[in-house]
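The lines below spell out each chain.
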Amino acid sequence: MTTKSLTFPRLFPRPKADTGIWSWIGTVDHKRIGTLYGITAFIWFIVGGIEALLLRVQLARPENDFLDPEAFNQLFTMHGTTMVFLVVMPLSAAFFNWLIPLQIGARDVAFPRLNAFSFWVFLLGSLLLNVSWITGDAPNGGWFGYAPNSSTTFNPGIGMTYWVVGLNILGVASIAAGLNFIVTILNMRAPGMTMFKLPIFTWMTLITSVLIVLAMPVLAVAGIQLLSDRVYGTYFFDSLGGGDPVLWQNIFWLFGHPEVYILILPAMGIVSEVLPTFARKPLFGYPFVVFAGAAIAFMGWFVWAHHMFTVGLGPAANSAFAISTMLIAVPTGVKIFNWLGTLWRGNIRLNTPMLFSISFIAMFTIGGLSGVMHASPPTDAQQQDTYFVVAHFHYVLVGGALLGIFSGIYFWWPKFTGWFLNEKLGLTNWALMLIGFNFTFGPMHWLGMDGMPRRIYTYAEDMGWETSNLFSTIGSMLLGLGILVFIINVFYSKMNKKMASADPWDGRTLEWSVPSPPPPHDFDEIPQVKYRDDFWFKKHPETIAQYYHDEHDDQDQAVPSGAQFDGDDEAVAVPAVAENKSNGHGHGGIHLPDMSYYPFVLSVGITIFGAGFLTNTYVIAAGVPFFLWGLLGWSMEPVNDPE
Amino acid sequence: MHRVSKLSFPSRPALLLLAPLAIALLAACTPDNNQSTFGTAGPIARDQADLFIFIFWIAAVVFVLVEGAVIYIAIRYRRRSDSDKLPYQTHGNNKLEITWTIIPILILAAVAVPTLTGIWEQQNGVPQDQGEVLNVEAIGHQWWFEFRYPGQEVVTANELRIPVGRPVALKLTSQDVIHSFWVPKIAGKVDMVPLNDNFMWILGDEVGTFYGQCAEFCGLAHAMMRFRVVVQSEEDFQAWIDGMHTAADPPVAGSREAAGQTLFAQNCASCHTVDSTAPGSYAREINSQEARWNGWISDIENAAIVSAPNLTNFGTRSTLGAGLRDLNQQSLEEWIIDPSSIKIGTRMQKHAAMYNTPDGTANLSSSEISDIATYLLSLKPGSGAAGVVIEQSEGDVDGAALFATNCSACHSTGADKIVGPGMAGIGDIAGSRVAGLDADQYLEQSLRDPGAFIVDGYPPVMPGWSQLSDESIDTLVTYLKTLK
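Heads up: the sequence lines are chains B and P, in that order.
Residues in the first sequence are numbered from 1 upward in steps of one, following this note's numbering.
Residues in the second sequence are numbered from 644 upward in steps of one, following this note's numbering.
One should not assume that every hint holds.
The list that follows gives simulated cross-link-like pairs (lysine to aspartate or glutamate, EDC-like), each with its CA atoms no further than 16 angstroms apart [said to hold, decoys possible]: (1) P/728 / B/506; (2) B/538 / B/506; (3) P/728 / P/775; (4) P/1124 / P/1002; (5) P/728 / B/542; (6) B/539 / P/727; (7) B/539 / B/506; (8) P/1127 / P/1071.
Honestly, the hints are just simulated from the structure, not real lab data.
Nothing here was measured: the structure is a model prediction, and the numbers come from that model.
Work out the full structure, taking the sequences as your base and the hints as a guide.
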C-alpha cells in the first residue's frame, strides 16, 4: 500500500481540524456525513411541509383565492419533488450513513470520499432546485412532469428546466451513495457476519441501494431526453413534433415505481429493528422478511403501468399489470404478519419509538389495502388522479415511511448524540402526528370517491367537498404541530440532557456495543460475529438454544467476510489494527482516511454544469475548472498524507 | 436502564383515530353529490362501483383483523411492570409463513377474477347488442372539451348530449396536452392523449345532466376544465340533432341582436364559428379548427387565432366557460369583458385583438358587450327547415358590410397585418399573383378555396367562404378592388 503516487498541487492545505466549518466540508466520517444528510433533509422536510400547509389552506374552502393557480401548481410540484427526493430519500441516507458501518462492524463505508461527494452533490442539487423559487419561476408541471405539458410550448418558463436539471444532479448523488453501500455491505462485514446474519436494517439498505443503482439511471435517461427536448428542441416526448408523451410516462414510472420501494424499504428496515428490541424478542421469520423485501424490490419492476391504467394501454396490458400489482401485496403482507408475529407474546415496551413503529404497521396496512383497490383497473378508473390516490400514497409514505423514520430517530437518537429525546414530548409528538395524519388523509379517501380530482387549485361550492376538505386542512395543522413538538423536543432535550449509555434499550445489533456517541473509529476492535443479533445473544447466551434449536446448519459459521482482510483467507482473528501507523488524529492508532475537500469541489463543478443548462454555455465553461480540479485532485490524493 | 414512562395503551388517541372513519361513513350518505362515484347513472360506473364495494368489504375484513391484532397484541403483551423478563426467543414458524402467504394469494385471486372480467367488458370495444351505437369524438383543449358527432355532422363544446340507453363509442384525443375524460356517475376516466387516440364506451341509463371534469393535470386552469353530459330521451336527442342543423333566424335589422352579430363578426368570428348548421359546415369547422390550432402553434406569443369552442346554437346551452357558470346574460357579459375573471389563462383573452388593452379587458363599451351577449343567447334553432342554407338577403348588401361581417376579423382594409395580410391595394396585386388568372378570378378563387394560393409567410388558416352566394362573392370582389 505504499505506492508512490503523483500528487496534484494543492490550492488549500488538506483540512485537519476536528472542529469548524472545514471539518465538516472536508469530512469523510460516515457519522458526520449522516448528520449532514439528516439536518439538510430535515430542513427540506420543513420546507416541503410548509408547502403542503399552504396547499391545504387554499383548499380549506371552495372558490378560495389564498393562492393563485400558478402558485398552487408550483407548490404541489415542489411539495412532491421535495418530499420524495429531498426528504425521504436523504433521511433514509442519513440512517444508512450512520448505521451501516456500525451494524456490520466496520469503521467506515467502502469509499468515504465518494460518500462525502454524494452528500455535497445532494446538498447543492437540492439548493439549485429551490433557487427556482427565487427566480419566481418554480417548476409547475407536477413531480411526475408529464409530457407534453412539460414542453417549452406549454410551459415556456424555466421552472421545468430547473426541475429536470435538479433531478439529474440529485440522481448522481443517489447512484454514488447506492454503489457505496452495496460495496460496503458486501465487502466490509465483520468476520462471521454472513449474509443471513446481517441486521435486517442492513438487508433493507442493501436491497434499497440495488434499487437506487438500477432505478435512478432510468430517471436520468428520461431527464436527459426531457432536458434536450426543452433546451435543444428535440422531440422525444413533445407531441407537437411527433414525440410520444406516453413514452415519458413509461420511462418515468419504470423509475417511479421502484422509487416507491426506495422510499419505503428503509422504513421497513427501521421498524424491523425497533419491534424486536422493544418486544424483547427476535424478529419473527427473519429469512422470510428478507426474502419478502427482495421480492418486493424485484416485483417492483413489473408493476409500473398501474400508474397508467387510464392512459389507454389496452385491456391486455391492464390485465397483466393488474395481476402483477396484486401479487406484490403478498410479500408486503408477509412482512406485516411477521411484524405481528414479532410482537406476539413479547414483553412490549410502549415508548415513543415503539409507538411510532406499531403505528407504522397500522397505517401502512391502510395504505396497502387502498392500494389493492386501485390495483384493479375498473376500480382505478374512478380513483386514478383523484384524492383517493392522494390518500393512498400518503398512508404509505407518511403513515409508512415517515412514521418509520421518526421511530428510527427516537430509537437511535441516544446512539447518535449520547442523550435521550424527552419521552413525554415524544409521546405528544407521536399522538399529534398520528391524529393529525389521520384527520388530514382519512377524509381524502372519501373526497376521491366523491369525485374530487387531484391537482385542482379550487372547487365549486356545489360539489359537497367543503366539509371533508376543511377537516383535512385542520388535520394538516395538527400534523404540523406534531412536527413542531418534535423540533421543540430536540432543543428541550439538548438543554436538559439525559445521558444515554452505550446500550440504553438492551439492543440487538452491533451499534449498541460501542459508546454513545461512537468514537470516530467506531470500533476499538473489529467484532467477531457468530450469531444473528450477535450482540444480543452475547448478552443473553441462555436464549441461544431457544432461537437456534432447529437451525442446525447455522452453527459454526463464523467465517470471515471482510474486505478489511485484503484477501487473507486465514484471518479469522481480528487483525492487529493497532499496529497501523498513527494518522495523527489520536484514534488509538487506528487507520482512518484523512479529510478531503475534493468531493466538495467536484460537486461544485457538477452543480455549475447543471446551472449552465439554465443559463448559457459560459456557465458550463465556468464549471470545467472546478470539475477538473475536484476530479484530478481527488484521484491523485493519497488516502492519508505521509507524515 | 432507561425508564419508560408508565402508560397504559393510549386509548383516547385510539378513539380519536376512529373519527375520520366516522366522517367517511357519514359522508358515504351522499351519492347525490355531483361527482359521487356511487350515485351511478350508467352500467359502467355501476360495475366499477360494485367492484369497489366488493373489494372494500374484503379490505374491511382484513383491516379489522390486522388493526385488531395490532391493538390487541400491543395491549395484551405490553410490559406491565419494570420487569425485563425475556419472552421465549422464537425465530419463526414455517407453517405460519406458508399460511399467510397462501391466504392473501387466495383473497387476491378472488379480487382478480371480477377485475379481469371488468377490464374486458369495459375496455374491449363497444357492445353491439345494446342498441345502435352513437359515435362521438371528444377532443381535449386547454381548457375546454370539443365534441364532434361524425355520423350526425354536429360539432359542439362542453356539453355532450347523448340518448338514454344507447351505447356511445367515444374516440378520445387531445389537441395540446394530456387531458382526461371523466364523468364519475357514468364511467371512470380515460385519458385524452395527443397523437394517441383512445377509445371508450359509455351508456347513460338515466335521463339527466351529469357533471364531468378533466382528471389529468393539464396546466394553469386544470381545475376549471369541466363539462356536462346531458342524457336525453331518444326523441329529445333527435330533436337536438335536428336543431343543430337548423340555422338561427337572422336578427331583425336594427335590433340589438343585429348589432351584436356585427360586433361578433368583427371581434370573435375568426375563432368562434356560430353557424355550423348547413350541409358541409361540419367538415369546414374541422378544417377551421385545425387551421386555428396551426395558427396558434406557429406563433404562440402573438397569434391572432386560437382553437375555440364552436358556438352554434349557443343559446341552448346551460353553462358557460366549460361548466363554470350558469349561462345567462349577466354571466356572459362578465365573461366577454374579462374571461380570466371566470377561467384564468383563457387563450381568447391573450390572443384576441379586442383584449389588447392596458388592463386586458375588452375594448368595447358595455352596451356593445351587452349586444354581443344578447346576440349569442339568441342563437337557437330558427323557424326554417333543418339543413337549409340561409342566404343573406341579396341585392341590397354592400361590399363593405360583407367585408365587415366576414373578413374584418383577420384582414384590415389598410396595410396592417392581423391574421392575414392587409387588403390595401389588393386589386393591383391580385392580377399578377398567378399566371393566367386576372384579379377577379384570383380573388374569387381565393375566397372559394383559400388553400390554393397561400401567400408566403402566412399560415394556411383561412376557411373557404363558399357558403356565400355567387352574388355576394362578386360584390365582395368588387369591393376589395376599391381598397387602396
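So, going through the hints one by one against the coordinates:
1. A hinted pair counts as satisfied when its Cα atoms are at most 16 angstroms apart, and residue 728 of chain P with residue 506 of chain B qualifies at roughly 12 angstroms.
2. Distance hint between residue 538 of chain B and residue 506 of chain B is fulfilled; the C-alpha atoms sit about 12 angstroms from each other, no more than 16 angstroms.
3. With a C-alpha separation of about 76 angstroms, the suggested pair residue 728 of chain P and residue 775 of chain P falls outside the 16 angstroms cut-off, and the hint is violated.
4. Restraint check for residue 1124 of chain P and residue 1002 of chain P: not satisfied, since their Cα atoms lie roughly 38 angstroms apart, outside the 16 angstroms limit.
5. At roughly 13 angstroms between alpha-carbon atoms, residue 728 of chain P and residue 542 of chain B fall within 16 angstroms of each other, so this suggested pair holds.
6. At roughly 13 angstroms between alpha-carbon atoms, residue 539 of chain B and residue 727 of chain P fall within 16 angstroms of each other, so this suggested pair holds.
7. Straight-line distance between C-alpha atoms of residue 539 of chain B and residue 506 of chain B comes to about 9 angstroms, which keeps the hinted pair within the 16 angstroms bound.
8. Between residue 1127 of chain P and residue 1071 of chain P, the direct Cα distance comes to roughly 9 angstroms. Compliance with the 16 angstroms bound is thereby established for this hinted pair.
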